[in-house]
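Trainee: Listed below, chain by chain, are the residues.
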Amino acid sequence: AQSVTQPDIHITVSEGASLELRCNYSYGATPYLFWYVQSPGQGLQLLLKYFSGDTLVQGIKGFEAEFKRSQSSFNLRKPSVHWSDAAEYFCAVGEGPIQAAGNKLTFGGGTRVLVKP
Amino acid sequence: KAGVTQTPRYLIKTRGQQVTLSCSPISGHRSVSWYQQTPGQGLQFLFEYFSETQRNKGNFPGRFSGRQFSNSRSEMNVSTLELGDSALYLCASSLGTGADTQYFGPGTRLTVL
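Going line by line, the protein sequences match chains A and B. So for the first sequence, this note's numbering puts the first residue at 1; every next one is plus one. So for the second sequence, this note's numbering puts the first residue at 1001; every next one is plus one.
In case anyone wonders, no lab produced these hints; they're calculated from the structure. Hints may be right or wrong, so weigh each one.
[To be verified] Computed cross-link-like contacts, BS3-like style, restricted to lysine-lysine with a CA-CA straight-line distance of at most 25 Å:
1. A:Lys-68 x A:Lys-49
2. B:Lys-1001 x A:Lys-61
3. B:Lys-1013 x A:Lys-49
4. A:Lys-49 x B:Lys-1057
One chain only, chain A, in its complex shape:
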C-alpha cells in the first residue's frame, strides 16, 4: 500500500527566508504526486503536481517541487516566504494513470508553517 511521510510537523520561518518542506512516499509504480495547502477552516488548494517529465515542477504562489525517484522524495520549496504563506501543507500520492484504478489520494500528515515577521 502506498504511504506518504512528512517528517516535519511544524516549521517556523522568518518572512523573506527560504522554505523547504519534506515529503517521502512509498509506492510501487510511478507515482502521481501533489502538494496542497490548507488555510484554517478552508479546503485544500492545489499548489502543484507531478505526473511525468521534468522533475522540477513549478506551481502557484512561487512554489516549486523536485521529484527525486532515487530518494522517493518530492520536496516543496519557496525562495522567499510571505506572511500569507502561513498555513498547513499536505503532500499526497495518487494512484494513476489507470482509469479503472480510480482516484484515491493518500496524504501525508501535513506540515504546519508559521511565519515570523
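Fit chain B to the known structure of chain A by using the hints.
Mentor: Quick look at chain B alone, frame taken from chain A:
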C-alpha cells in the same frame, strides 16, 4: 468556472442521528471523492464515485455511504453518528479519466455531540 461547492458548511448533530452532506463538482467533472479530516487521523479517503458508480472505497465502516446522481452531484450519508465522526468532510472533483487532478471544496464541518 465555479469551484466545488459543499453544503452545508457546518452541522451539529447528536449521537445516533444520521446526516447527509452534499457536494456539487466542477462543471464537466465526472468523478467525486470524499475525504475525512480529523486532528488524530489526518486526511483519509472515504470513497469515490464516477458516473454514478462507486469506483473506489476506503477503510471505513458501512455507516458511511454515498451516491452520485446523473448530474455528477454527490451525497454522502453517515448513519448512527458517533462522537468520533466529528470531522471536516472534504469533497473533491476531477475529470475521472486517470491522469487526474482533484480539486477540493471548502468542506463541511460536522460536530457530533
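Trainee: Taking only the CA atoms, is the gap from A:Lys-68 to A:Lys-49 under or equal to 25 Å?
Mentor: Judged against 25 Å, a Cα distance of about 14 Å means the pair holds.
Trainee: Are the Cα atoms of A:Lys-49 and B:Lys-1057 separated by 25 Å or less?
Mentor: Distance of about 23 Å is within 25 Å: holds.
Trainee: Are the Cα atoms of B:Lys-1013 and A:Lys-49 separated by 25 Å or less?
Mentor: Roughly 37 Å separates the two Cα atoms, so the pair is violated.
Trainee: Would the hint linking B:Lys-1001 and A:Lys-61 be met if the CA-CA limit is 25 Å?
Mentor: 20 Å, holds
Violated hint: 3 only; the structure is consistent with all others.
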